[in-house]
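Colleague: The primary structure of each chain is shown beneath.
2 protein chains.
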Amino acid sequence: MLRKSLQNLQEHSRKARLLSGETRSQMLRALADAITTHTPYLLAENAKDCEEHASLLPPSLAQRLTLTEEKIETLVAGLRDLAAKPDPVGRELARTELDEGLVLEKVSIPLGVFCVIFESRPDVLYQVLGLALRTGNGVVLKGGREATHSNRAMCGVVQEALRQAGYPCDWFLLIEGRDSVDEILRYDDLIDLVIPRGSNEFVRYIQERSRIPVLGHAAGVCHLYVHSSADIAKAIQIIVDAKTQYPAACNSVETVLVDASIAATFLPLLHQALLKAGVRSRGCRETCDLLRISDTVKDTEWSLEYSDLILAIKVVSSLGEAIDHINRFGSRHTDGILAQDHAVCEHFTSAVDSASVFANCSTRFADGYRFGLGAEIGIGTGKIHARGPVGMEGLLTYKYILRGDGHVVATYAGESARRLLVRPIP
Amino acid sequence: MLRKSLQNLQEHSRKARLLSGETRSQMLRALADAITTHTPYLLAENAKDCEEHASLLPPSLAQRLTLTEEKIETLVAGLRDLAAKPDPVGRELARTELDEGLVLEKVSIPLGVFCVIFESRPDVLYQVLGLALRTGNGVVLKGGREATHSNRAMCGVVQEALRQAGYPCDWFLLIEGRDSVDEILRYDDLIDLVIPRGSNEFVRYIQERSRIPVLGHAAGVCHLYVHSSADIAKAIQIIVDAKTQYPAACNSVETVLVDASIAATFLPLLHQALLKAGVRSRGCRETCDLLRISDTVKDTEWSLEYSDLILAIKVVSSLGEAIDHINRFGSRHTDGILAQDHAVCEHFTSAVDSASVFANCSTRFADGYRFGLGAEIGIGTGKIHARGPVGMEGLLTYKYILRGDGHVVATYAGESARRLLVRPIP
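The listed protein sequences derive, respectively, from chains W and G. The first sequence maps to residues 0 to 425 in numbering that gives the first Met the number 0. The second sequence maps to residues 0 to 425 in numbering that gives the first Met the number 0.
So that you can see chain W by itself, here it is in the shape it has in the complex (with noise of 0.2 Å):
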């Protein structure tokens, strides 16, 4: 049933893919037009969700879980904001003339079909749509069980909206149930990419039994070194901004480093700072010495993600060591220096193998809006396709076009070869 789905969802998105950019931007603002005028339908088929199950959820989750007005509003001036951009599909990469009149062309072009599985956050379901829409792929929504209502309703007034306007509404498709997710990693002659966003635990469970590339992190293990040439002042601003201004965000920080010559003054000072700002320290045994505290990090505990108001420190002997620590204990996902030597931080950005590597300032602006890549679509931590924050280049691939006039590679093969121009056009 879901296989034979998939299959008209990847038929469909393949002829869907032929609408022109103009046209998608008007299918974007069909869409933005019919959510406002929906609004107090869909704020009602929430209001059955949140019933349901707000009350049993964390406030976070139930805050979550809850439309309003406001991010209505939101969404919708998002979606208008696509509406406007160029059209990314289609674009000139390179251009080759190999031979007199055979010239060829590098493309971008949509990806195909792709998965992306959320939590009970309804508003994911647009972002996701409207990205969808603007690079001309197909998509498969699996929201969280706990927004059923939200997500049936918010694909239904999309789906009648392009349907009454005469537009294509067979590129997207809403699953349920966690079944269908098992399924649906198996086929990778149907999807060409899975975006889980959720738990760590989620993200590794669908990393592992994927035959589909995967675009996500399973965890943010960032970290922070402070070189001895750091500005104290801004380090610990610096330091206190990224594991408090958002604790359980990915790019929070959850190790910092500092260099063994400026272990004794800096320590206590940021020990102080973090306390007055609720964060509660753990360390090397020479941090506690120094702190006189007593929660001692294990040596296995290093690639842990509080996600909370707790900190691991760590005192290092030298810049290499602590590029050591962060490639060994990292997650690959954002981590920084704190060092007034420009020589420290270049080496430093060029030794430390993660997507976002940040030199004096916050590990939390690794962010798909702060990078102005419009909207995020993920966080990868992998070393393949898309990485960091990925916006809509994420979601697109290249062919190679090549146009001749009865060319043949005979040609220029053999004694008498003619041989191939191969002259990049600017």
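Quick caveat, the hints were computed from the structure, so don't treat them as lab data. One or more of the hints may lead you astray.
All copies of an identical chain are treated as equivalent in the list; a pair is satisfied when it fits inside any one copy or across any two copies.
Stated by the list, open to error - Taking lysine to aspartate or glutamate pairs in the EDC-like style, the calculated list, with each CA pair at most 20 Å apart, reads:
1. 70 / 300
2. 297 / 188
3. 105 / 392
4. 275 / 118
5. 3 / 323
6. 233 / 98
Given chain W, work out where chain G should sit, using these hints.
Modeller: Okay, now just chain G, sitting in the frame of chain W:
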């Protein structure tokens, strides 16, 4: 044991990654010099392999196993070419001023460590080693059993030359034995990309077992579609070239689709040309009737890769049917249209899902060298990362570097939030 070696390799390749582009050019020239100096030794070691195995191999494979002075000269010239190429590492891909003094840079970096599994074709070893060095990657080389002496000698010459000149030489590792391949495919924490080169069965074996991303193609079922507007003479020339110029190549054509409106006139002409070129035709029922041949292609046989002087022919009723057939039975490798109607060509190149889509030229052009990519590391038929003929860019990824001066996220949040500028720097 192997895991320990790979951990070592990862560590050393992290250090080697910091070498400047100029140093890597010097190392490439040092390799070229050493290989030239030790040509007699390399030929002698290769002769041992040939003595042991050549008589047991089919002639084409025996030829691939054999090193010659000319082959070595070509390899040396290839390394000198790479030495002269601009450094692909550390290129600025984008630059954005997020706010005053807070500048985001997207920069090209090596993938890390990749693994190439190749057949008993020792010249591949130096091509891969050169690409790894130019792109700053560590590399695991697994060559064919029959080339054991050659592979060891080739690696030994390079290692000795680098060591003597005081360059790092621990960024590559030669491994042997099929078991080690199975073991390596589990180590997704140590290897970033696997590139299998060999039979379709072998590539599929790797794809099915690997926890590491795989770049490659398990099949090359390439199509040419002859539209009613085709230039008949050119179409026949292109089909004969695409089938016969190197039938065992993955970019040779396997199936020709012919528009029904021209089938009766076109097919007999094509058949004649194919017969003259020694090609045996198989076909759909209509083709068999028209050509009075009896070898009917069964429905399940349309995705066969013959890799031989055999061609499957099918009459289709429309452009749409041709596109659907290719997207269904093809391998997303290389597919082409033969048509004088420009709009038809454009529709075809947009709608066909393959990595390379051609109009009015031979599928045999799908090749990294012909595309002007320099050396080709493989041809990918997936959608993720690099696809089509892949050169150096498939061995690179990127990172984001953000340089600030004490910037914290709190400044941009809450009531009196400052707005980020997010101004692209051209």
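Colleague: A separate judgement is required for each hint: does it hold in the structure or not?
Modeller: These are the hints, each one checked on the structure:
{"no.": "1", "hint": "70 / 300", "in the structure": "neither (39 Å within a copy, 53 Å between copies)"}
{"no.": "2", "hint": "297 / 188", "in the structure": "neither (44 Å within a copy, 22 Å between copies)"}
{"no.": "3", "hint": "105 / 392", "in the structure": "both (15 Å within a copy, 13 Å between copies)"}
{"no.": "4", "hint": "275 / 118", "in the structure": "neither (33 Å within a copy, 63 Å between copies)"}
{"no.": "5", "hint": "3 / 323", "in the structure": "between (49 Å within a copy, 17 Å between copies)"}
{"no.": "6", "hint": "233 / 98", "in the structure": "between (58 Å within a copy, 17 Å between copies)"}
The earlier numbered hints that this structure contradicts are 1, 2, 4.
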